[in-house]
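If you're matching them up, the sequences are chains F and R in order.
The C-terminal residue of the first sequence carries number 120 in my numbering, and the numbering is unbroken.
The C-terminal residue of the second sequence carries number 228 in my numbering, and the numbering is unbroken.
It is worth saying that the hints were derived from the structure and are not from the lab.
It cannot be assumed that every hint is accurate.
Chain F stretches covered by chain R per the calculated footprint, using a threshold of three residues with CB under 8 Å from any CB of chain R [to be verified]:
hint: 1; stretch: 6-12
hint: 2; stretch: 42-53
hint: 3; stretch: 57-66
The calculated lysine to any residue pairs, modelled on SDA-like cross-linking and capped at a C-alpha distance of 20 Å, are [to be verified]:
hint: 4; chain 1: F; residue 1: K45; chain 2: R; residue 2: A205
hint: 5; chain 1: F; residue 1: K45; chain 2: R; residue 2: T177
hint: 6; chain 1: F; residue 1: K45; chain 2: R; residue 2: R175
hint: 7; chain 1: R; residue 1: K225; chain 2: F; residue 2: K13
hint: 8; chain 1: R; residue 1: K225; chain 2: F; residue 2: P43
hint: 9; chain 1: F; residue 1: K45; chain 2: R; residue 2: Q163
hint: 10; chain 1: F; residue 1: K13; chain 2: F; residue 2: N78
A few chain R positions that, by computed beta-carbon distances, are all more than 10 Å from chain F [to be verified]:
hint: 11; residue: I122
hint: 12; residue: T130
hint: 13; residue: L133
hint: 14; residue: E137
hint: 15; residue: A139
hint: 16; residue: S146
hint: 17; residue: E147
hint: 18; residue: S148
hint: 19; residue: R166
hint: 20; residue: L167
hint: 21; residue: T195
hint: 22; residue: S197
Source: prediction; values computed, not measured.
All C-beta atoms, glycine included, are put in the ideal place defined by N, C-alpha and C.
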Amino acid sequence: QVQLQESGPRLVKPSQTLSLTCTVSGGSIHSVDHYWSWVRQHPGKGLEWIGYIYFSGATYYNPSLKSRATMLVDTFKNQFSLWLSSVTAADTAVYYCARDVYSYFYFDYWGQGIPVTVSS
Amino acid sequence: EIVLTQSPGTLSLSPGETATLSCRVSESVSSTYLAWYQQIPGQAPRLLIYGASSRATGIPDRFSGSGSGTDFTLTISRLEPEDFAVYYCQQFGSSPRYTFGQGTKLEI
Chain F
1 QVQLQESGPR
11 LVKPSQTLSL
21 TCTVSGGSIH
31 SVDHYWSWVR
41 QHPGKGLEWI
51 GYIYFSGATY
61 YNPSLKSRAT
71 MLVDTFKNQF
81 SLWLSSVTAA
91 DTAVYYCARD
101 VYSYFYFDYW
111 GQGIPVTVSS
Chain R
121 EIVLTQSPGT
131 LSLSPGETAT
141 LSCRVSESVS
151 STYLAWYQQI
161 PGQAPRLLIY
171 GASSRATGIP
181 DRFSGSGSGT
191 DFTLTISRLE
201 PEDFAVYYCQ
211 QFGSSPRYTF
221 GQGTKLEI
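With the hints as extra help, turn the sequences into a complete structure.
Spelled out as structure tokens, the structure:
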């Protein structure tokens with residue numbers, strides 16, 4: 001059974017960089033059949049896709065984030081990470097990592113989510 | 121950008137009834153790339169349907185998906201108490217690649 005677990009600071013100051021890591025267990029991140037995504041959910045709102053990374057390191061980001069997002073993968077640790085720069089209160093959300101099935105492009109496994117608040 | 125519009129915003133039903141949830145897409149999409157999720161408050165979304173009509177592993181056959189082009193439907197038969205949640209549709213396409221509907225809240 002694949003499991004994903006987010007970790008990182010839950011409080012970030014405005015203008016700083018949010019940094020989160022997703023640890024994958026029960027399966028390898030080095031998979032040709034999957035992408036690895038970050039999705040966020042603002043309080044009381046819907047879901048917003050942030051970006052994905054492939055085991056090779058290839059990435060694709062949501063243009064709405066205006067180049068503030070960066071993702072990296074560590075296949076040895078079976079982890080992938082998200083950095084979101086120049087955060088504001090609008091980045092306050094629950095952040096989920098999820099596994100994305102290549103060729104159908106849906107999310108079959110999700111982490112439990114980590115709430116992140118941007119506040120001074 | 122493709123926009124997914126879900127209706128109704130809130131659906132009030134009783135256990136045992138049938139729920140019909142709609143997802144309208146602003147332009148035609150391949151049914152291969154249309155999925156549905158269930159989210160219980162405080163929990164992560166759970167995949168229900170992918171490829172518009174294929175049930176994910178472990179999902180009861182009370183859940184069914186249909187549709188093509190711009191109109192997709194999630195039907196939940198014989199509602200159980202644990203089915204009352206928020207449901208999202210999701211598509212994969214051109215930028216920003218993945219978009220979600222705004223959700224339909226299914227309440228008792």
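Outcome of the hint check:
no., hint, in the structure
1, 6-12, "violated (count 0)"
2, 42-53, "holds (count 5)"
3, 57-66, "holds (count 4)"
4, K45/F with A205/R, "holds (14 Å)"
5, K45/F with T177/R, "violated (27 Å)"
6, K45/F with R175/R, "violated (26 Å)"
7, K225/R with K13/F, "violated (33 Å)"
8, K225/R with P43/F, "holds (15 Å)"
9, K45/F with Q163/R, "holds (14 Å)"
10, K13/F with N78/F, "violated (28 Å)"
11, I122, "holds (12 Å)"
12, T130, "holds (14 Å)"
13, L133, "holds (21 Å)"
14, E137, "holds (25 Å)"
15, A139, "holds (19 Å)"
16, S146, "holds (16 Å)"
17, E147, "holds (17 Å)"
18, S148, "holds (16 Å)"
19, R166, "violated (8 Å)"
20, L167, "violated (5 Å)"
21, T195, "holds (18 Å)"
22, S197, "holds (22 Å)"
Checked against the numbered hints given earlier, this structure breaks hints 1, 5, 6, 7, 10, 19, 20; the rest are met.
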